[in-house]
Amino acid sequence: MKYLKKIIPVFLTLAVTAGMLYLVSILTSPKSNTQEAGHDAWAAYGFEAEPADSIDVFLLGDSESRSSISPMELFHNEGFTSYCCGINLNTLCEVSDMLHLVLKYHHPKLMILECNAIFTEFTWKDAFETAAAHYFPVVHWHNRWKTLTKEDFTSIPHYDKVEVRKGYYHSSFADPAPPYMVDRYMAASDEREPLDGINRWYLKHIVSICRKQGIEVLMMSMPSARNWTTLKHNTCSDQAQALGIPFIDLNVMREEIPIDWNLDTRDRGDHLNNDGMRKVCSWLGPWLKETYQLEDHRQDSSYDKNWTALYDEYIERIS
Amino acid sequence: MISYCSIEYLLIFLPVVFLGYQILPKSVRRYFLLAASYGFFWYLSGPLLAWHVAVCVCVWLTGLRLQHLLNERNKAVKAAERGQRKAIKEACAGRMRRWVILAGVVCFGILLSLKYTPFFVENLNGLFRHLGIHIQMKVPSFAVPIGISFYTLQAMSYVYDVQKEKIPADGNFFRLTMWLSFFPLLMEGPIARYGSLAEKIWEVPRIQGENFQKGLWRILYGVMKKMLVADRVNTAVELLYTDFANYDGGMVFLAAVLFTLQEYMEFSGTIDIVIGTGECLGFVLPENFNQPFFAKTISEFWTRWHISLGAWLRDYLFYPLSMSQPLKNLTKKCRARLGNHYGPLVTSSVALFAVWLFNGLWHGAGWSYIFFGMYHFSLIVTGSFLAPPVIAFCEKHKIDRKWFFYRLFQMLRTALLVSIGEMFFRALSLKHGLSMFARMIRHASLSSFTDGTALKLGMDLPDYLIVAAAVLFVFVISLLKERGCNVRERLYAKPVLVRALVTGLLVTLILLFGAYGKGYVPVDPIYANF
Chain A
22 MKYLKKIIPV FLTLAVTAGM LYLVSILTSP KSNTQEAGHD AWAAYGFEAE
72 PADSIDVFLL GDSESRSSIS PMELFHNEGF TSYCCGINLN TLCEVSDMLH
122 LVLKYHHPKL MILECNAIFT EFTWKDAFET AAAHYFPVVH WHNRWKTLTK
172 EDFTSIPHYD KVEVRKGYYH SSFADPAPPY MVDRYMAASD EREPLDGINR
222 WYLKHIVSIC RKQGIEVLMM SMPSARNWTT LKHNTCSDQA QALGIPFIDL
272 NVMREEIPID WNLDTRDRGD HLNNDGMRKV CSWLGPWLKE TYQLEDHRQD
322 SSYDKNWTAL YDEYIERIS
Chain B
2 MISYCSIEYL LIFLPVVFLG YQILPKSVRR YFLLAASYGF FWYLSGPLLA
52 WHVAVCVCVW LTGLRLQHLL NERNKAVKAA ERGQRKAIKE ACAGRMRRWV
102 ILAGVVCFGI LLSLKYTPFF VENLNGLFRH LGIHIQMKVP SFAVPIGISF
152 YTLQAMSYVY DVQKEKIPAD GNFFRLTMWL SFFPLLMEGP IARYGSLAEK
202 IWEVPRIQGE NFQKGLWRIL YGVMKKMLVA DRVNTAVELL YTDFANYDGG
252 MVFLAAVLFT LQEYMEFSGT IDIVIGTGEC LGFVLPENFN QPFFAKTISE
302 FWTRWHISLG AWLRDYLFYP LSMSQPLKNL TKKCRARLGN HYGPLVTSSV
352 ALFAVWLFNG LWHGAGWSYI FFGMYHFSLI VTGSFLAPPV IAFCEKHKID
402 RKWFFYRLFQ MLRTALLVSI GEMFFRALSL KHGLSMFARM IRHASLSSFT
452 DGTALKLGMD LPDYLIVAAA VLFVFVISLL KERGCNVRER LYAKPVLVRA
502 LVTGLLVTLI LLFGAYGKGY VPVDPIYANF
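Protein chains in written order, with my numbering: chain A, 22 to 340; chain B, 2 to 531.
Calculated directly from the structure, the hints in this document are not laboratory data.
Any given hint might turn out to be false.
As the list claims (entries may be wrong) - Computed cross-link-like contacts, DMTMM-like style, restricted to lysine to aspartate or glutamate with a CA-CA straight-line distance of at most 25 Å:
(1) B/Lys-519 - A/Glu-150
(2) A/Lys-167 - B/Asp-464
(3) B/Lys-519 - A/Glu-71
Chain A with its partners taken away, still in its complex shape (with noise of 0.2 Å):
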């Protein structure tokens, strides 16, 4: 009796206050996953609007991931679906927590993981930060009660609008790489790019949740002439290695996929256009569907209204 008289109030402590976040986080979640209703990432999320089970390929990483490969087009010429899950300057530990996400609502056949997010460092705070705010969003979301609207009282956060991209973020601007960028792009070298210890183990630590849900992973690096180095891909090479996956240096294909990167870049070598996009996604489609023995959907009408039907809309959004 004298011990529970010591621990209820603990555990009521407790329970009330995580009752309290679990509102106030209500209270401050966008409503739904679009620009308007205030969600910083809507189209990295638009994945929670896709029926269940219906994406077979998913992208973690960074923005390089979401500049280089459009799911619509995936589809459009191949017929698998895919969704792109890239945010800017997205963390191991952010890609860890939208792989939980993701294998809430999905479970796709292959996990293909942006190689330029590996290298972003964070630290461990950062880490127990995203982990809390999986748990409490009002950790990530606080800053919204500056802009709670009537709704966000009224209302609980749904994310159902379907997203035409698919999270591709489109340009069809050129704005040419500096010659001495590329220039140096990919010099020959024996030296690796140092990985912090945390990075690893969050490196690891998504291969094996893949692993244990029988999803193939991919470590893949998409063309970048300002981000990539021979010293990124011997260090992911190696990792792959360890990890016994495969990885695959879009970087160095430079036959498969010829970028000029006088056209084919937004913004000076960072980010590929569409023009890029199109040169990586003719290679990689027909390469992902053999390799992975991928599904065509087109046929398939479940597909109809959040895939073929919005086609046309995907091609006047990105034009």
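Knowing the structure of chain A, use the given hints to seat chain B on it.
Frame of chain A; chain B shown alone:
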């Protein structure tokens, strides 16, 4: 820099310490606490911990030596004839003084060498340049252990107290070290006295539910002050102090007010966390703040702000200086010439000058800190000299000095003077501080408050509103405390559900309205640099 408000401290270090402390047997618990304190120190300062150990060894040995001399003296006094006793005592006092000076040279020597050498060398180089002497020394740069200014004063207070027989010397090195390295006190104080704390920490009582609950509330209150106010105004403070030349006098004044607010919320918030941590473990740590902005004079302000530093300076600098023979003689002469009020005031001003010079330099090695000390010295002395004419004026014009609005005027005047002083304190240099002050006066204007400039400082209207609401909350709590109401005591008397709701509400308010995450840069612990 890691602070007491960080995830590392609050969510990892503290729970581990609390858990270990509670489950370990008493005989191990105290060494666990000592190891935790040194682990914390190591985490913050690494091998610089050696300096701390050196100070501990120095004051421990000095204390033992002083105690030995005292014991010898007592034996000799007992055995001696009445007429010889004074001579024995004086001889012993002389020997003890030499040991105290030696300890002072070691402890303050370490502090001066690590913290002040670059400042002295820079100024010496400047002087040589000015005199046309072609000698320029390389300005050294030393890493300084965390809280060196705090633990040095704490260590020296122990030596003085043993010398003055206020406390017996501690034969137990670990107990003395535990008091000097107790982790909550390491970064920003308060400067705790040996007599009031060492034995209590060494007792390592078991954690009690009531203490823990009240301590937790105090910690949350401190975190709230820091995250809702100090961190939220940080961007504006940084911007205004760096780019003040691009703003009018109104904005410079806002910079002074915001920094004063930030410093108070950061420093007092940290002290709340420190005292709350102690309370959770069952120790009563000394208070460092007593509603400073209710002070009616600058002199009173310093009895309410950073109390432990003020008390240290009073006990170990002001009193010994005032009671020294040369100043006693001066008092006598001045009293005869200037009367009973102004006579002693002149001599106490001499001691006060030394106190404020020390106070300024203690805060940092820079002319702006010396100016800060002299600014407060001037205000306190001026206040003391003007007190009689002001009283006479009020009596003549029938102004009731206890009238609410008169007291309010005094409080606002004090807060204004403090804010101006803080402007020099925060400025990048003395020159920078003087330029800011000049700009505030010469370009005095309120237009920035109406043309939207105030909303372009990294703070929008909701930011100002939440800061105002948090300040109001702190004001109400302070007012209740000033009137003798212990809020936590009252809350603890409420049913367990109400207590749980209060805790949950505090956590929720911090996470909802705190300035953290992307877009915010938390303010570094301001006093930890001292």
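### Message
Holds or violated: A/Lys-167 and B/Asp-464, Cα atoms, limit 25 Å.
### Response
8 Å, holds
#### Entry: Pair hint outcome, B/Lys-519 versus A/Glu-71 [Cα-Cα no greater than 25 Å]
29 Å, violated
### Query
Hey, B/Lys-519 versus A/Glu-150, does the alpha-carbon distance stay inside 25 Å?
11 Å, holds
Going through the hint list in order, the structure does not satisfy hint 3, though it satisfies all others.
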